[in-house]
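K.L.:
For reference, the chains in residue letters:
There are 2 protein chains.
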Amino acid sequence: MDETVRQHKTILEESEMPTAWYNVVPDLPSPPPPALHPGTLEPAGPDDFAPLFPMDLILQEVSMDRYIEIPGAVLDVYRQWRPSPLFRAHRLEKALGTPARIYYKYEGVSPAGSHKPNTAVPQAYYNAKAGVKKLTTETGAGQWGTALAFACALFDLECEVWQVGASYDQKPYRRMMIEAFGGIVHRSPSPLTESGRTYLAADPDHPGSLGIAISEAVEVAAQDPEIRYALGSVLNHVLLHQTIIGEEALLQLKKAGESAPDLIVGCTGGGSNFAGLSFPFLREKLAGNMSPTIRAVEPASCPSLTHGVYAYDFGDAAGLTPLMKMHTLGHDFVPDPIHAGGLRYHGMSPLISHVYELGLMEAVAIPQTECFAAAIQFARTEGIVPAPEPTHALAAAVREALRAKETGEETVILTALCGHGHFDLAAYDAYLSGRMTDEAVSDARFAEALATVPDVGGR
Amino acid sequence: MDETVRQHKTILEESEMPTAWYNVVPDLPSPPPPALHPGTLEPAGPDDFAPLFPMDLILQEVSMDRYIEIPGAVLDVYRQWRPSPLFRAHRLEKALGTPARIYYKYEGVSPAGSHKPNTAVPQAYYNAKAGVKKLTTETGAGQWGTALAFACALFDLECEVWQVGASYDQKPYRRMMIEAFGGIVHRSPSPLTESGRTYLAADPDHPGSLGIAISEAVEVAAQDPEIRYALGSVLNHVLLHQTIIGEEALLQLKKAGESAPDLIVGCTGGGSNFAGLSFPFLREKLAGNMSPTIRAVEPASCPSLTHGVYAYDFGDAAGLTPLMKMHTLGHDFVPDPIHAGGLRYHGMSPLISHVYELGLMEAVAIPQTECFAAAIQFARTEGIVPAPEPTHALAAAVREALRAKETGEETVILTALCGHGHFDLAAYDAYLSGRMTDEAVSDARFAEALATVPDVGGR
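For the record, the sequence lines run as chains X and H. Residues -13 to 445 (this note's numbering) are what the first sequence spells out, left to right. Residues -13 to 445 (this note's numbering) are what the second sequence spells out, left to right.
Excised from the complex, chain X in its bound form (with noise of 0.2 Å):
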């Protein structure tokens, strides 16, 4: 019965939220490669773009400028839940014995309960301004689905949106939240589309991908000028975005007393939150002004950085969308149903892909049973039940922090908390009674997939 007194969260009034988002690419020493064109494999323009993004994002999208002004309506409801806190483990670290100091950034504050919607408020704030009437976008456990809906309630726009099959079935409870917020939600894949009943015509019980829902959602949106569609992660403004994080982050670290990290570590499915956490570290790091280590960890199941080729490849399973250079384990990969469903995408960010590969990053993947073991540790401890995507995340801080209790070097570890578990009960469940096993992964299984890949534009 410790009666010391700690502080453990590092808050931030409203009036000290940064204002601007950070575009790590003008700091970079190459820029990314561009997309391509499916058709042409010329680089895309603005306007290939154009059926399913309103121009201010594709601007965004390929925007040279390091700081992009958040527009007021959008900071306006940030303040409902940001800053967001920045808490530290005092209990976890006792528990470990560990003299490493353990921070998170946690992001189950927000309506959707992750990360998701600093980026799906500006999306919906952008399509408005443009006179889009509808978003359609694609879901997997459903968090990007319930911040969008979120987000389109309060800028009057209609929300569309198709769940993977698998998710649909297992986690009602994303579908209920998603259908509050005033969203309509399909299983897909939904016979409301051709990609959708070409897959239901092979299988009528077809569980779905991200791929195979990306695919819809793209294909309703390009087919009306009124409907654009809304991406959850893997682009450059989405990360862009999701960069507020970090900035607060940087504040925060300060205002408790930090100097600087000297370890970064975040999830990463399509990249948004590690980058969004990371990136304006790199900047600082870039800069001279610190030099921690950024360490993406993804799940066994699925490890396209550490696993997968740097090529380029379609976004989704039907090949609609431009081809982008990223490190993918092949558009037609599915990966085991592990429960951290948003990290279950067969490619990286382009954008972190580059990164990675200049040198200024490293990965590791960690598979699910130690996640867990350090999920309930941290549940125990710090009294937050994670979502399954930042169990990785957990996991990797719980392994740096022993091997600091090893050393006896206090490290500081900086860590993306982007959402809490509580429609994910059922993973923890599944972990207590035993029944969670590790991902079945071969390299076979990954070469296979790796063969489809296109073989276009250079690797």
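It should be emphasised that the hints constitute simulated quantities derived from the structure, not laboratory data. The structure presented is a predicted model; accordingly, all values stated were derived computationally and were not measured. Don't take each hint at face value.
The list treats identical chains as one, so a pair stands whether inside a single copy or across any two.
Mimicking DSS-like on lysine-lysine, the simulated pairs with C-alpha atoms at most 25 Å apart in a straight line are [stated by the list, open to error]:
1. Lys(-5) with Lys241
2. Lys120 with Lys240
3. Lys157 with Lys115
4. Lys80 with Lys115
Based on the hints, put chain H in the right spot on chain X.
P.N.:
Chain H only, in chain X's frame:
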């Protein structure tokens, strides 16, 4: 697309958190009637409670001190999520077109997602201090069981929870959350207790009730000196611990530039959330510093204040507890299975009942479809999906805001948003799909239940 700079939340630093709980009893014109021993009908003394609670809590139960210092170890845990935010509902106000200013004190940021950890943590602390090894308790929807499991994890106590059978069957996620925190959950009625076996003999699929679950937890605790019982509402010491909510809200309203609220609304089941927010304001009212209307909102299906009698009755179904003078619908009353499981208790806190009898507060009962209509409007504007319980407070706040719209008054409304509804989305699904109906209540049914109230100690 409003570009105005608006402050959405008023936060306090950890250093600004109040360090004492407020006990309203010495400030009341008369003390509440004592609890009675069920055998002798004499006032129950500390020894009568000793088999259930540690002495520190019993002394708080009967304390005449106005302030009780919060132990350092409890403050240390509170700082994890406290001070909780006070939000201004700008977007809801705009949607309603009201000149009223609506504030909500949000307790959903806690580990259990509700106000319950405010008392679970000190209860676990004082029990651990007294050498207790295990706490037993009941839970309905699961908020209280989750809170106690979390608190027990921090103070190395075992935690055994009897969950009302109907909720256990319908809401497995709450059980899983309790297990994630390390607790053990039994479906009530269970074969583990005499009380439980009696009900199971009558009906092997008995849906249970809070009263029955209390009987089971009390029975187990009373038989072993290393086991004690913890209650999540109703009793004085529980209400005491919750006053941290109102003490913070007083500071925050002032910081937000409001001199005083005109109306305070909170939902009431056992009454702890309502008392926690309102008692510090009642102190200011009794001292002549402000004159807010204080209004309890109960469900139409379980209206102990507005339709019960003020009489001595048992706290549990089996009649194992001391007799408490309170507004009761009869300890055998089984309310309709409304979605606000936390409000389905036959009695009202004796202290709140006394304050009500003194004319210091008022009460209203609202049917559930009106509550969910308000909740959906709230979710789509404020971004938080409320638990079914505080939808009652929101509905009352909306009623008042619309009244202010008629009169043009700039009424200041303060409401207790005691938790999020992440585990209650089936209720929203029922509402949105048109399957939710209002409670079937009749005077005849209440009269039948009231006939079971024992005729002792005067009414």
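K.L.:
Run every hint past the structure and note whether it holds.
P.N.:
Consistency of the hints with the structure:
1. In the homo-oligomer, the alpha carbons of Lys(-5) and Lys241 lie at most 25 Å apart both inside one protomer (10 Å) and across protomers (20 Å), since each shortest distance falls under that limit.
2. In this assembly of identical chains, Lys120 and Lys240 lie within 25 Å of each other by CA distance neither inside one copy nor across copies; the values are 41 Å within and 42 Å between.
3. Taking the shortest Cα distances, Lys157 and Lys115 never come within 25 Å of each other, neither inside one copy (33 Å) nor across copies (41 Å).
4. Taking CA atoms no more than 25 Å apart as the test, Lys80 paired with Lys115 passes between copies only; the shortest distance there is 20 Å, against 50 Å inside one copy.
Consistency with the previously given hints fails for numbers 2 and 3, ordered from lowest to highest.
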